[in-house]
Amino acid sequence: MPDPFEEARSMAQDLIENLDPAHEVEQIRGIHKMMKRSADARSKQVDSIQGTLKALSRTLQTAQISTASPKYSLDLQQFSDRMIALDREKYSISRNIAEVDDSVEGLEAQLRNLQREEKELEQEEIEEEEKELSATCLKLQIYKELGITLQRDDTGQIKGCKVLCYPKRDIQFIDFEDKFSRFYYANFLWDLSS
1 MPDPFEEARS MAQDLIENLD PAHEVEQIRG IHKMMKRSAD ARSKQVDSIQ
51 GTLKALSRTL QTAQISTASP KYSLDLQQFS DRMIALDREK YSISRNIAEV
101 DDSVEGLEAQ LRNLQREEKE LEQEEIEEEE KELSATCLKL QIYKELGITL
151 QRDDTGQIKG CKVLCYPKRD IQFIDFEDKF SRFYYANFLW DLSS
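Every letter in the sequence shown is one number past the one before it in our numbering, and letter 49, counting from 1, is 49.
None of these hints come from the bench; they were simulated from the model.
Some clues are possibly wrong.
Under the rule of at most 27 Å between Cα atoms (straight-line distance), these lysine-lysine pairs were calculated in the BS3-like manner [what the hints assert, rightly or not]:
no., residue 1, residue 2
1, Lys139, Lys168
2, Lys139, Lys162
3, Lys159, Lys139
4, Lys168, Lys144
5, Lys159, Lys179
6, Lys44, Lys33
7, Lys90, Lys139
8, Lys54, Lys33
Sequences and hints are given; from them, build the entire structure.
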(Lines of atoms letter the chains of each structure in order from A; the text may use other names.)
(Lines give C-alpha, C1' and ligand atoms only; values in the text may rest on other atoms or scores of the structure.)
Protein backbone atom coordinates (compact mmCIF):
# COMPACT_ATOMS: atom_id res chain seq x y z
CA MET A 1 0.00 0.00 0.00
CA PRO A 2 1.36 3.33 -0.95
CA ASP A 3 2.27 5.79 1.68
CA PRO A 4 -0.27 8.65 1.88
CA PHE A 5 2.43 11.12 2.81
CA GLU A 6 4.52 10.15 -0.17
CA GLU A 7 1.58 10.53 -2.49
CA ALA A 8 0.74 13.97 -1.11
CA ARG A 9 4.39 15.05 -1.40
CA SER A 10 4.57 13.98 -5.06
CA MET A 11 1.35 15.83 -5.79
CA ALA A 12 2.70 18.96 -4.11
CA GLN A 13 5.94 18.65 -6.14
CA ASP A 14 3.95 18.41 -9.42
CA LEU A 15 1.86 21.34 -8.38
CA ILE A 16 4.92 23.48 -7.65
CA GLU A 17 6.43 22.63 -11.04
CA ASN A 18 3.20 23.58 -12.82
CA LEU A 19 2.88 26.80 -10.86
CA ASP A 20 6.37 27.99 -11.72
CA PRO A 21 6.14 31.80 -11.85
CA ALA A 22 9.18 32.02 -14.13
CA HIS A 23 7.35 30.06 -16.82
CA GLU A 24 4.24 32.25 -16.55
CA VAL A 25 6.30 35.45 -16.60
CA GLU A 26 7.94 34.22 -19.82
CA GLN A 27 4.53 33.60 -21.39
CA ILE A 28 3.34 37.06 -20.38
CA ARG A 29 6.47 38.64 -21.93
CA GLY A 30 5.87 36.70 -25.14
CA ILE A 31 2.25 37.86 -25.31
CA HIS A 32 3.33 41.45 -24.63
CA LYS A 33 5.93 41.33 -27.46
CA MET A 34 3.37 39.85 -29.86
CA MET A 35 0.85 42.59 -28.99
CA LYS A 36 3.50 45.28 -29.54
CA ARG A 37 4.39 43.85 -32.99
CA SER A 38 0.67 43.69 -33.87
CA ALA A 39 0.14 47.32 -32.72
CA ASP A 40 3.17 48.46 -34.77
CA ALA A 41 1.85 46.66 -37.85
CA ARG A 42 -1.60 48.24 -37.40
CA SER A 43 -0.05 51.67 -36.93
CA LYS A 44 1.94 51.28 -40.16
CA GLN A 45 -1.20 50.09 -41.96
CA VAL A 46 -3.23 53.09 -40.64
CA ASP A 47 -0.44 55.49 -41.72
CA SER A 48 -0.42 53.91 -45.18
CA ILE A 49 -4.22 54.15 -45.46
CA GLN A 50 -4.19 57.78 -44.29
CA GLY A 51 -1.56 58.62 -46.90
CA THR A 52 -3.66 56.96 -49.61
CA LEU A 53 -6.75 58.80 -48.35
CA LYS A 54 -4.97 62.17 -48.47
CA ALA A 55 -3.80 61.48 -52.02
CA LEU A 56 -7.34 60.50 -53.07
CA SER A 57 -8.76 63.63 -51.37
CA ARG A 58 -6.35 65.84 -53.33
CA THR A 59 -7.34 64.03 -56.55
CA LEU A 60 -11.04 64.51 -55.72
CA GLN A 61 -10.56 68.18 -54.90
CA THR A 62 -8.70 68.72 -58.17
CA ALA A 63 -11.46 66.93 -60.09
CA GLN A 64 -14.17 69.04 -58.39
CA ILE A 65 -12.35 72.25 -59.20
CA SER A 66 -11.88 71.22 -62.82
CA THR A 67 -15.56 70.30 -63.22
CA ALA A 68 -16.78 73.43 -61.40
CA SER A 69 -15.25 75.71 -64.01
CA PRO A 70 -15.85 74.17 -67.47
CA LYS A 71 -13.25 74.98 -70.04
CA TYR A 72 -15.32 75.37 -73.12
CA SER A 73 -16.17 78.44 -75.06
CA LEU A 74 -18.90 79.08 -77.55
CA ASP A 75 -18.46 81.44 -80.34
CA LEU A 76 -20.77 84.45 -80.46
CA GLN A 77 -23.17 83.00 -83.09
CA GLN A 78 -23.76 79.78 -81.12
CA PHE A 79 -24.35 81.81 -77.97
CA SER A 80 -26.93 84.09 -79.59
CA ASP A 81 -28.69 81.11 -81.26
CA ARG A 82 -28.88 79.34 -77.93
CA MET A 83 -30.28 82.44 -76.19
CA ILE A 84 -32.95 82.88 -78.89
CA ALA A 85 -33.95 79.23 -78.59
CA LEU A 86 -34.21 79.55 -74.80
CA ASP A 87 -36.30 82.75 -75.10
CA ARG A 88 -38.72 81.02 -77.49
CA GLU A 89 -38.99 78.09 -75.12
CA LYS A 90 -39.62 80.46 -72.20
CA TYR A 91 -42.41 82.30 -74.06
CA SER A 92 -43.96 79.01 -75.18
CA ILE A 93 -43.96 77.73 -71.62
CA SER A 94 -45.42 80.97 -70.25
CA ARG A 95 -48.19 80.87 -72.90
CA ASN A 96 -48.97 77.26 -71.97
CA ILE A 97 -49.07 78.22 -68.31
CA ALA A 98 -51.50 81.06 -69.05
CA GLU A 99 -53.76 78.70 -71.03
CA VAL A 100 -53.70 76.16 -68.22
CA ASP A 101 -54.51 78.90 -65.67
CA ASP A 102 -57.49 80.00 -67.79
CA SER A 103 -58.77 76.45 -68.09
CA VAL A 104 -58.28 75.91 -64.36
CA GLU A 105 -60.31 79.05 -63.59
CA GLY A 106 -63.07 77.86 -65.93
CA LEU A 107 -63.09 74.42 -64.34
CA GLU A 108 -63.15 75.94 -60.85
CA ALA A 109 -66.16 78.09 -61.82
CA GLN A 110 -67.85 75.02 -63.28
CA LEU A 111 -67.07 73.10 -60.09
CA ARG A 112 -68.60 75.86 -57.96
CA ASN A 113 -71.75 75.84 -60.14
CA LEU A 114 -72.02 72.07 -59.89
CA GLN A 115 -71.56 72.19 -56.12
CA ARG A 116 -74.24 74.88 -55.84
CA GLU A 117 -76.61 72.81 -58.01
CA GLU A 118 -75.86 69.74 -55.92
CA LYS A 119 -76.75 71.62 -52.73
CA GLU A 120 -79.96 72.90 -54.32
CA LEU A 121 -80.92 69.38 -55.43
CA GLU A 122 -80.16 67.99 -51.99
CA GLN A 123 -82.31 70.74 -50.43
CA GLU A 124 -85.15 70.00 -52.88
CA GLU A 125 -84.86 66.31 -52.11
CA ILE A 126 -85.07 67.03 -48.38
CA GLU A 127 -88.11 69.26 -48.94
CA GLU A 128 -89.76 66.60 -51.11
CA GLU A 129 -89.22 63.98 -48.43
CA GLU A 130 -90.76 66.31 -45.87
CA LYS A 131 -93.74 66.92 -48.14
CA GLU A 132 -94.76 63.30 -48.55
CA LEU A 133 -98.43 63.68 -49.27
CA SER A 134 -101.00 61.07 -48.44
CA ALA A 135 -103.52 60.02 -51.08
CA THR A 136 -106.21 62.18 -49.50
CA CYS A 137 -104.02 65.29 -49.42
CA LEU A 138 -103.07 64.72 -53.05
CA LYS A 139 -106.72 64.36 -54.09
CA LEU A 140 -107.62 67.53 -52.20
CA GLN A 141 -104.80 69.40 -53.90
CA ILE A 142 -105.99 68.22 -57.35
CA TYR A 143 -109.58 69.24 -56.51
CA LYS A 144 -108.38 72.65 -55.37
CA GLU A 145 -106.42 73.18 -58.60
CA LEU A 146 -109.57 72.32 -60.56
CA GLY A 147 -111.46 74.94 -58.53
CA ILE A 148 -113.33 72.46 -56.33
CA THR A 149 -113.39 73.00 -52.58
CA LEU A 150 -114.94 70.22 -50.49
CA GLN A 151 -117.24 71.15 -47.62
CA ARG A 152 -117.66 69.03 -44.52
CA ASP A 153 -120.47 68.82 -42.02
CA ASP A 154 -120.13 68.82 -38.22
CA THR A 155 -119.24 65.11 -38.14
CA GLY A 156 -116.41 65.55 -40.67
CA GLN A 157 -118.27 63.88 -43.54
CA ILE A 158 -118.18 65.49 -46.98
CA LYS A 159 -121.62 67.00 -47.60
CA GLY A 160 -120.95 69.04 -50.74
CA CYS A 161 -118.54 71.26 -52.57
CA LYS A 162 -117.99 74.72 -53.93
CA VAL A 163 -116.99 74.83 -57.64
CA LEU A 164 -115.34 77.81 -59.33
CA CYS A 165 -116.53 77.82 -62.94
CA TYR A 166 -113.70 79.63 -64.73
CA PRO A 167 -115.31 79.86 -68.20
CA LYS A 168 -118.57 81.28 -66.77
CA ARG A 169 -116.87 83.22 -63.98
CA ASP A 170 -119.32 81.78 -61.57
CA ILE A 171 -119.32 79.94 -58.24
CA GLN A 172 -121.69 76.98 -57.79
CA PHE A 173 -122.53 75.16 -54.59
CA ILE A 174 -123.40 71.48 -54.93
CA ASP A 175 -124.82 69.23 -52.21
CA PHE A 176 -124.06 65.54 -52.52
CA GLU A 177 -127.11 63.37 -52.22
CA ASP A 178 -127.35 59.60 -52.18
CA LYS A 179 -129.81 59.50 -55.05
CA PHE A 180 -127.04 60.17 -57.65
CA SER A 181 -123.97 57.98 -58.26
CA ARG A 182 -120.35 58.98 -57.87
CA PHE A 183 -119.93 58.69 -61.62
CA TYR A 184 -122.69 61.28 -62.12
CA TYR A 185 -121.06 63.73 -59.66
CA ALA A 186 -117.59 63.19 -61.22
CA ASN A 187 -118.90 64.00 -64.72
CA PHE A 188 -120.95 66.95 -63.42
CA LEU A 189 -117.97 68.45 -61.56
CA TRP A 190 -115.71 67.93 -64.55
CA ASP A 191 -118.16 69.75 -66.82
CA LEU A 192 -118.43 72.64 -64.37
CA SER A 193 -114.65 73.08 -63.88
CA SER A 194 -113.73 72.86 -67.58
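Hint by hint, here is what the structure shows:
Pair hint Lys139 plus Lys168 holds up; C-alpha atoms about 24 Å apart against a cutoff of 27 Å. At most 27 Å may separate the alpha-carbon atoms for a hinted pair to count; Lys139 and Lys162 meet this at roughly 15 Å. Among the hinted pairs, Lys159 with Lys139 is consistent with the structure: their alpha-carbon atoms are about 16 Å apart, no more than 27 Å. Taking the CA atoms of Lys168 and Lys144, the gap is about 18 Å. The hint holds against a cut of 27 Å.
In summary, the hint linking Lys159 to Lys179 is supported, as the alpha carbons are separated by about 13 Å, within the 27 Å threshold. For the hint pairing Lys44 with Lys33, the CA-to-CA distance comes to about 17 Å; that is within 27 Å, so the pair holds. Taking the CA atoms of Lys90 and Lys139, the gap is near 71 Å; set against the 27 Å cutoff, the hint is violated. Note on Lys54 and Lys33: the hinted pairing is violated, with a Cα-Cα distance of about 32 Å set against a maximum of 27 Å.
Of the numbered hints given earlier, the model fails hints 7, 8; all others are met.
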